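Q: Here is what each chain is made of, one letter per residue.
4 protein chains.
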Amino acid sequence: MNMLRPFELPLGRRMAGSGDKLGVLIPGMGAVATTLIAGVHLIRKKLAKPIGSLTQMQEIRVRDEADAPMMPIHELVPLARLDDLVFGGWDIFPDDAYQTACDAGVLSREVLAPVRRELEQIRPWPGVFEQRFVRRLNGTHVKPAASKMAQAEAVMADIRQFMEERQLKRAVMLWCGSTEIHQTISPVHESLVAFEQGLRDSHPDIAPSMIYAYSALMTDLPFGNGAPNLAVDIPALRELADKRGVPIAGKDLKTGQTLIKTIMAPGLQTRMLGLHGWFSSNILGNRDGEVLDDPDSFRSKELSKSSVLDGILEPQRYPDLYGDYFHKVRIEYYPPRGDAKEGWDNIDIFGWLGERMQIKVDFLCKDSILAAPVTLDLILLLDLAHRAGLGGVQDWLSFYFKSPMTPPGVAAEHDLFRQHARLQDMLRRISRMNRSEQPDSEVAQTAGV
Amino acid sequence: MNMLRPFELPLGRRMAGSGDKLGVLIPGMGAVATTLIAGVHLIRKKLAKPIGSLTQMQEIRVRDEADAPMMPIHELVPLARLDDLVFGGWDIFPDDAYQTACDAGVLSREVLAPVRRELEQIRPWPGVFEQRFVRRLNGTHVKPAASKMAQAEAVMADIRQFMEERQLKRAVMLWCGSTEIHQTISPVHESLVAFEQGLRDSHPDIAPSMIYAYSALMTDLPFGNGAPNLAVDIPALRELADKRGVPIAGKDLKTGQTLIKTIMAPGLQTRMLGLHGWFSSNILGNRDGEVLDDPDSFRSKELSKSSVLDGILEPQRYPDLYGDYFHKVRIEYYPPRGDAKEGWDNIDIFGWLGERMQIKVDFLCKDSILAAPVTLDLILLLDLAHRAGLGGVQDWLSFYFKSPMTPPGVAAEHDLFRQHARLQDMLRRISRMNRSEQPDSEVAQTAGV
Amino acid sequence: MNMLRPFELPLGRRMAGSGDKLGVLIPGMGAVATTLIAGVHLIRKKLAKPIGSLTQMQEIRVRDEADAPMMPIHELVPLARLDDLVFGGWDIFPDDAYQTACDAGVLSREVLAPVRRELEQIRPWPGVFEQRFVRRLNGTHVKPAASKMAQAEAVMADIRQFMEERQLKRAVMLWCGSTEIHQTISPVHESLVAFEQGLRDSHPDIAPSMIYAYSALMTDLPFGNGAPNLAVDIPALRELADKRGVPIAGKDLKTGQTLIKTIMAPGLQTRMLGLHGWFSSNILGNRDGEVLDDPDSFRSKELSKSSVLDGILEPQRYPDLYGDYFHKVRIEYYPPRGDAKEGWDNIDIFGWLGERMQIKVDFLCKDSILAAPVTLDLILLLDLAHRAGLGGVQDWLSFYFKSPMTPPGVAAEHDLFRQHARLQDMLRRISRMNRSEQPDSEVAQTAGV
Amino acid sequence: MNMLRPFELPLGRRMAGSGDKLGVLIPGMGAVATTLIAGVHLIRKKLAKPIGSLTQMQEIRVRDEADAPMMPIHELVPLARLDDLVFGGWDIFPDDAYQTACDAGVLSREVLAPVRRELEQIRPWPGVFEQRFVRRLNGTHVKPAASKMAQAEAVMADIRQFMEERQLKRAVMLWCGSTEIHQTISPVHESLVAFEQGLRDSHPDIAPSMIYAYSALMTDLPFGNGAPNLAVDIPALRELADKRGVPIAGKDLKTGQTLIKTIMAPGLQTRMLGLHGWFSSNILGNRDGEVLDDPDSFRSKELSKSSVLDGILEPQRYPDLYGDYFHKVRIEYYPPRGDAKEGWDNIDIFGWLGERMQIKVDFLCKDSILAAPVTLDLILLLDLAHRAGLGGVQDWLSFYFKSPMTPPGVAAEHDLFRQHARLQDMLRRISRMNRSEQPDSEVAQTAGV
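From first to last, the protein sequence lines stand for chains U, H, Y and W.
Under the numbering used here, the first sequence has 357 at position 357, and the numbering climbs by one with no breaks.
Under the numbering used here, the second sequence has 385 at position 385, and the numbering climbs by one with no breaks.
Under the numbering used here, the third sequence has 354 at position 354, and the numbering climbs by one with no breaks.
Under the numbering used here, the fourth sequence has 316 at position 316, and the numbering climbs by one with no breaks.
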């Protein structure tokens with residue numbers, strides 16, 4: 001096995017390809033995907049700014065020193081440009097991207113008008129669908145129910161045809177589909193051999209998202225997972241990613257309430273304020289909410305959202321502060337809101353002498369608006385990682401995920417600020433590597449991160 | 001002038017004194033001070049935990065490396081122990097600390113019962129008072145209205161007598177008095193010479209808090225300022241602190257709403273979410289609220305609270321995100337609440353394509369409960385700094401302040417997480433210095449912090 | 001059958017008994033019951049005021065005319081006095097009322113101290129218990145598992161012995177026990193004959209609360225039901241109440257969130273503001289919350305809480321405003337709060353031209369504090385009704401209930417203000433009847449309420 | 001003087017005029033006025049519903065009996081129809097109604113599109129302006145600064161010309177202008193004689209709103225006041241209204257926070273829950289907010305908003321509950337929100353044994369959306385009153401106002417539900433009068449309302 005750990009960058013190699021077109025292939029052309037695509041086209045036309053995207057807007061220090069100069073990320077590292085992105089995707093409903101965007105209601109028709117033509121041209125290929133994984137939906141635009149291996153081959157054929165027609169050398173796949181039901185690792189997920197046999201046997205434990213992930217990796221496309229279901233997060237596909245040196249990352253975009261949680265919790269811990277309980281309620285009315293109204297799909301999401309506090313608060317280290325807190329997360333389907341979800345948090349803290357205090361946070365957010373720039377960053381950074389020769393799990397992208405994938409045995413980092421530091425650190429390393437023909441000696445030394 | 005910058009630690013010197021008693025002298029024996037003192041005694045008796053105090057509870061990495069081992073701060077550096085603290089103070093009302101604590105209503109009589117005797121023994125000396133600086137109060141237990149220099153000498157006499165009677169070698173002074181009216185620097189504040197002449201002339205621009213600060217520095221006591229008024233933050237007293245090598249720090253303890261603000265704002269900026277406006281309303285009903293009901297006292301507080309956002313968000317760097325936000329802070333005297341204040345924030349943010357979202361944070365907090373552990377840390381860390389030979393402004397303590405004092409020309413850091421990193425960094429340096437006879441070479445090199 | 005409708009008051013009869021002692025018998029001596037009893041004793045000793053009790057504090061117009069004089073309710077009608085109440089009850093745990101009150105944590109030990117002796121003297125009789133109705137509890141102080149009829153007889157024996165020992169002529173029973181699982185009417189509930197046979201057969205559909213209600217009615221005690229389970233709200237027991245002329249009322253005390261809902265909804269409807277959705281979340285950590293964590297118990301509560309909006313908003317009459325709203329109620333067990341529950345409501349309304357607006361209501365309340373004065377009023381008013389000759393369902397008491405019992409075919413009134421008007425109206429009628437030897441001619445005429 | 005009290009309706013007279021056109025003349029063609037006008041045109045075209053308007057949507061009982069049939073208000077009484085409204089007005093900026101509506105941002109251009117032509121045709125006449133009454137504005141489209149009497153005559157000339165050109169027999173004037181600075185009654189306001197002399201002398205205490213009100217009454221137009229400034233609420237103009245038999249009503253439309261307050265407060269009082277304090281904060285960013293940023297304008301508003309609680313809670317009657325509450329109202333100009341204002345209330349209540357609880361209400365509302373249907377109702381009901389022969393103060397319209405005008409010596413009613421009952425009651429009386437040739441005997445008897 002030749003998994004490349006992030007700190008084992010292949011040194012002294014200049015990155016190529018930043019001037020070429022980059023394919024962006026999305027299973028699940030719904031609210032998030034169309035908000036992303038509409039936005040990229042509006043930004044290209046100078047009708048909007050890429051708010052929320054670090055790759056487009058943020059500056060970081062060129063060295064990890066307090067007095068080092070700042071530089072925009074997109075100047076520091078050779079990212080694909082927005083002008084070079086070419087979008088395609090799959091969905092289980094046949095509507096074009098304009099129609100879907102209108103139905104999603106995230107952006108008004110007024111906002112969409114200048115890019116209507118571009119969106120109308122994006123028509124999804126039929127999707128891979130199996131209702132037991134997403135019970136609340138009933139797809140009408142689906143690939144024939146042949147064997148799962150045949151479905152994977154059909155997806156790969158779509159990819160190859162798209163890349164040929166559009167004359168693309170590189171592409172990235174990002175799962176923006178619905179949350180599938182909660183699954184645990186079963187034997188068919190344990191090795192690539194077992195998984196490929198399972199595909200041929202149409203094994204019931206192989207979910208559509210896994211079929212897409214397999215297809216991506218087999219065609220050397222990095223794969224990112226925006227939802228909490230397993231998808232690429234199974235030993236078989238981690239093995240495949242390592243073997244082929246293709247970057248993977250996930251799971252579950254950190255957008256609304258969990259974003260706030262990973263901001264607030266580090267703040268409380270930094271000040272050594274104790275926690276009695278944290279109650280989080282979400283109401284949302286989009287297709288995501290409808291899917292999560294199924295208890296089994298909710299279970300995927302709930303687990304994804306629940307793990308973050310322990311990771312940040314370190315109850316073992318601070319038992320007097322965090323040894324006994326109660327954490328409950330609820331997600332409620334509430335149609336009146338559409339995409340405009342709302343997360344209400346009640347936080348019961350205690351301070352000096354154990355005296356109790358309360359914090360309430362009400363976040364009136366828009367799911368797809370928060371997700372779109374995250375998907376953009378993931379696309380560009382997965383592509384960057386690929387060109388930098390980084391394969392396997394990219395845990396320096398944990399900044400973007402509720403439930404970050406990590407290499408085996410490595411604990412996930414949930415603290416937004418530490419995640420951010422890691423992201424910046426890796427960007428600086430990639431930058432150094434790119435700028436120098438010489439081996440990155442610091443990288444070689446600090447094999448611990 | 002021989003101001004010691006934090007990075008110019010006098011090297012190769014072991015710290016003495018951690019086993020001796022430490023005097024804690026507090027102008028303003030009100031809710032905060034009595035909550036601190038009651039808590040320290042309860043903790044000594046193992047009846048409570050020092051929740052909220054970093055010096056007592058937090059662990060930090062012994063080196064600034066991700067894999068360095070963690071160690072409690074109180075093991076890393078030689079802090080005074082809680083058992084060694086000896087409290088005294090001044091107030092403009094004659095009640096003993098038990099009576100004051102009961103009236104403040106922060107802690108119930110049930111909680112106070114086990115330390116009642118200790119609190120009753122603490123009776124404040126008469127305070128320095130001048131009503132034009134705190135219009136809503138009318139002190140009854142005040143030093144004679146002689147010249148301001150005579151008042152300073154009376155304070156110094158109190159200090160010396162206290163230290164003699166209690167056989168103390170070291171002490172720290174921390175201002176916990178009311179917020180004085182807003183003042184700007186006037187000529188009498190500009191130099192030590194002018195200031196001392198002003199004391200003799202009872203110059204109207206010299207506030208009581210300045211008289212205390214002068215007295216502290218002249219008797220070699222470090223001085224911390226828990227309120228937003230100038231106190232030690234004038235050129236004359238900075239000069240004096242530098243000259244005598246005495247540490248000073250301020251202003252305005254970061255407790256409720258501003259604490260939340262300096263947690264949330266870095267989170268938003270990290271994710272490149274834009275800001276249209278931030279409206280902060282506070283309701284509080286304690287003596288602090290009553291004093292702030294005077295517009296001139298409020299002005300001090302308002303300025304203290306308003307500067308934090310610009311410092312964190314960097315509008316110059318990110319004009320598209322933060323170039324045009326509206327920030328308004330209100331503090332409302334609302335007697336029904338007593339010490340249990342409430343801060344309500346409405347935050348209007350925008351994301352991808354400029355779409356608007358809102359965050360509301362409601363913090364039902366207790367002012368003195370949040371302040372007490374901060375005052376404890378400041379006392380111990382100012383003493384530590386003094387023993388480490390650090391004089392003048394201690395801006396590595398910015399973590400604890402709404403409006404951190406900095407050396408001339410240095411911008412204040414407001415981001416709670418960066419403040420925390422600086423605090424940890426300095427603690428590690430002091431630790432290295434203490435453990436080694438050798439010059440701290442890294443410290444000598446990194447003269448930029 | 002001789003059910004007495006409220007408007008068919010037996011005329012020209014003076015009420016007797018207001019000077020005698022009144023027994024108050026409570027199945028379920030938990031937080032609510034002990035808060036009531038402690039409060040009554042504190043009020044008797046002039047150590048507290050009966051805040052929240054209409055019978056003790058409210059004034060109403062003596063006639064339904066805008067210029068009629070106001071009079072306190074307790075002067076208008078001959079209520080039992082607090083000094084005359086004698087408490088007893090049953091519980092499935094053996095603790096005395098003081099111990100239970102301490103454990104409940106609603107009132108501090110400081111508040112309870114002056115009435116400790118009185119509370120300690122109240123020790124519950126063993127309770128009727130069957131775990132399938134309250135799965136989360138496991139009673140240890142229970143009557144022998146003989147036939148259900150034998151259990152009823154044991155309860156009646158408790159009642160008779162209590163009344164003899166205390167020399168009581170009148171008593172009232174009020175269910176303050178836990179919420180039982182949701183049940184629908186089954187054949188055994190349909191008639192008194194079937195029900196009594198079911199008692200002898202220990203029919204599984206007969207819940208403990210029904211056994212208590214039967215026992216109360218058979219001993220001529222009015223029965224009020226503070227929980228949402230059926231209890232007396234079955235045809236068999238309605239029949240028995242009518243037959244014996246004993247007043248009954250229920251179900252589910254209107255305390256926290258539903259109280260707010262029945263205040264806000266009439267306001268919105270009065271102003272013809274439309275409703276898209278109403279989401280209600282509750283967090284609570286007392287025994288009630290623990291019981292409701294069982295989905296079947298929650299079901300009882302959910303149904304009780306859900307019906308109120310339709311009753312107030314009249315969707316049939318105003319389909320454009322209320323024809324399509326989404327209503328969701330969640331109750332979450334959240335131990336950090338104890339009895340201090342919190343109800344968070346999000347209300348999505350629309351106005352002129354369909355423009356959307358939002359109201360959020362956060363109610364930080366104390367369940368037992370809101371419930372106690374309601375239980376006091378119900379005890380006194382059920383006794384009043386009984387002495388006034390009113391038997392069967394007392395729907396003029398709907399003011400106090402989330403899910404008011406009504407005579408067959410009569411819709412429940414949920415609007416708090418209309419409920420209040422009905423309550424006042426009936427009190428005036430009872431007053432007129434009491435004051436006059438003459439038939440109440442208006443009552444005779446207005447047989448329509 | 002021949003003031004007609006509401007209960008002294010001129011009996012036995014049928015109302016004429018419901019089929020004719022009705023002029024609607026508005027001083028202040030801003031956000032509220034254009035939202036009203038746009039809405040009326042959209043409703044006429046069946047593109048929207050008149051949500052929030054009682055006259056258009058509500059049904060009431062035809063008699064004040066619980067079993068009386070319900071009937072829509074517009075069937076019960078002969079109101080002018082929306083199709084018959086003809087709009088005109090004055091403003092100190094020259095923009096047409098379409099331009100103003102676009103700038104106000106209350107309704108999107110998409111919503112306005114179908115009625116753009118109608119709105120463009122409405123161009124305001126130059127306004128009467130005097131900057132000392134509205135300091136934050138600087139009008140550019142104003143009547144010449146001749147004497148105030150000359151200004152009144154110019155307004156009357158506008159009215160007469162408009163009515164002639166449009167062939168109108170009836171019109172109503174409704175003040176939708178900005179809040180003027182706070183004024184108290186001065187001698188020039190005390191009598192009509194003094195006032196008219198003051199007009200001729202351009203007395204500085206005569207505000208523009210008074211000039212409009214005078215002009216309306218002199219041309220027999222009913223006058224409603226949507227703002228908190230005095231306008232028609234001075235003895236001189238009350239005298240004029242009585243003398244000419246013209247209806248007047250005010251002050252200050254009950255829209256956002258005060259609406260909620262007059263819903264919640266009756267609920268709390270009904271349940272005998274005590275009040276420690278009520279803190280109300282408002283943030284708003286429209287022109288209204290800008291004007292209220294001037295402390296003197298705010299003073300008008302603050303007084304208007306502050307009186308409601310005492311009126312509802314009756315502290316004299318319930319000193320234990322309401323004898324000592326603290327009420328504070330803040331209005332903050334906060335530009336990021338535009339017309340979408342937000343009212344945040346914190347309510348500190350107490351219950352059984354004085355235990356404390358809190359209610360927080362956050363109302364994210366749209367000022368003009370809430371105001372528009374209220375202005376529509378006032379226009380139609382003032383016209384109805386006029387045709388019914390009712391002159392002088394119409395306190396049965398208190399339902400619509402924060403600070404209702406009442407006849408001398410009569411206390412204002414603030415409880416929304418009692419206000420609603422009074423409104424319905426008067427509508428039923430007008431209906432009876434209209435339907436019968438016979439004297440309304442009940443009206444004659446119940447001279448106490």
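Treat the hints with caution; some may be incorrect.
[Said to hold, decoys possible] Chain W regions said to be covered by chain H (calculated; three or more residues, Cβ under 8 Å):
1. 208 to 220
2. 269 to 279
3. 399 to 411
[Claimed, not checked] For each label pair, taking beta carbons as the anchor points, the in silico distance ranges come out as:
4. W:Lys-45 with U:Phe-326: 52 to 58 Å
5. H:Thr-406 with U:Arg-166: 52 to 58 Å
6. W:Asn-138 with U:Phe-326: 55 to 61 Å
7. H:Asp-205 with W:Asp-296: 52 to 58 Å
8. U:Arg-166 with W:Asp-83: 40 to 46 Å
9. W:Ala-145 with Y:Pro-69: 41 to 47 Å
10. W:Asp-296 with U:Arg-299: 57 to 63 Å
11. Y:Pro-69 with W:Ile-185: 44 to 50 Å
12. W:Gly-105 with U:Phe-326: 40 to 46 Å
13. Y:Asp-64 with W:Thr-406: 20 to 26 Å
14. W:Thr-406 with Y:Ala-68: 16 to 22 Å
15. U:Arg-317 with H:Arg-435: 40 to 46 Å
16. W:Pro-235 with Y:Gly-105: 23 to 29 Å
These are calculated hints, taken from the structure and not from any lab test.
Given the structure is predicted, the values throughout are model-derived calculations rather than measurements.
Cβ coordinates follow ideal geometry from the N, Cα and C atoms, glycine included.
Q: State for each hint whether it applies.
A: Right, here's what the structure says about each hint:
With a threshold of 8 Å between beta carbons, the proposed coverage of the region 208 to 220 of chain W by chain H is violated, since 0 of its residues qualify and at least three are required. Note: the region 269 to 279 of chain W has 3 residues with beta-carbon separation from chain H under 8 Å; the three-residue rule is met and the coverage holds. Here the region 399 to 411 of chain W counts 0 residues with a CB under 8 Å from a CB of chain H, which misses the bar of 3, and the coverage is violated. Checked against the hint of 52 to 58 Å, the pair W:Lys-45 and U:Phe-326 passes, with Cβ atoms roughly 55 Å apart.
At about 55 Å, the CB distance of H:Thr-406 to U:Arg-166 agrees with the hint of 52 to 58 Å. Our hint of 55 to 61 Å for W:Asn-138 and U:Phe-326 holds, since their Cβ atoms are close to 58 Å apart. Between H:Asp-205 and W:Asp-296 the beta carbons are some 32 Å apart, a value that contradicts the proposed interval 52 to 58 Å. Range check, U:Arg-166 to W:Asp-83: about 58 Å between beta-carbon atoms, so the 40 to 46 Å window is missed.
Remark: the range hint 41 to 47 Å for W:Ala-145 to Y:Pro-69 is contradicted by a beta-carbon distance near 56 Å. W:Asp-296 and U:Arg-299 have their C-beta atoms about 60 Å apart, which keeps the hinted 57 to 63 Å range intact. Our hint of 44 to 50 Å for Y:Pro-69 and W:Ile-185 is violated, since their Cβ atoms are close to 33 Å apart. Range check, W:Gly-105 to U:Phe-326: about 44 Å between beta-carbon atoms, so the 40 to 46 Å window is met.
For Y:Asp-64 and W:Thr-406, the Cβ-Cβ distance of about 23 Å falls inside the hinted range of 20 to 26 Å, so the restraint holds. At roughly 20 Å, the beta-carbon separation of W:Thr-406 and Y:Ala-68 lies within the given 16 to 22 Å, and the hint holds. Checked against the hint of 40 to 46 Å, the pair U:Arg-317 and H:Arg-435 fails, with Cβ atoms roughly 23 Å apart. Taken as a hint, the range 23 to 29 Å is violated for the pair W:Pro-235 and Y:Gly-105, whose Cβ atoms sit roughly 59 Å apart.
The earlier numbered hints that this structure contradicts are 1, 3, 7, 8, 9, 11, 15, 16.
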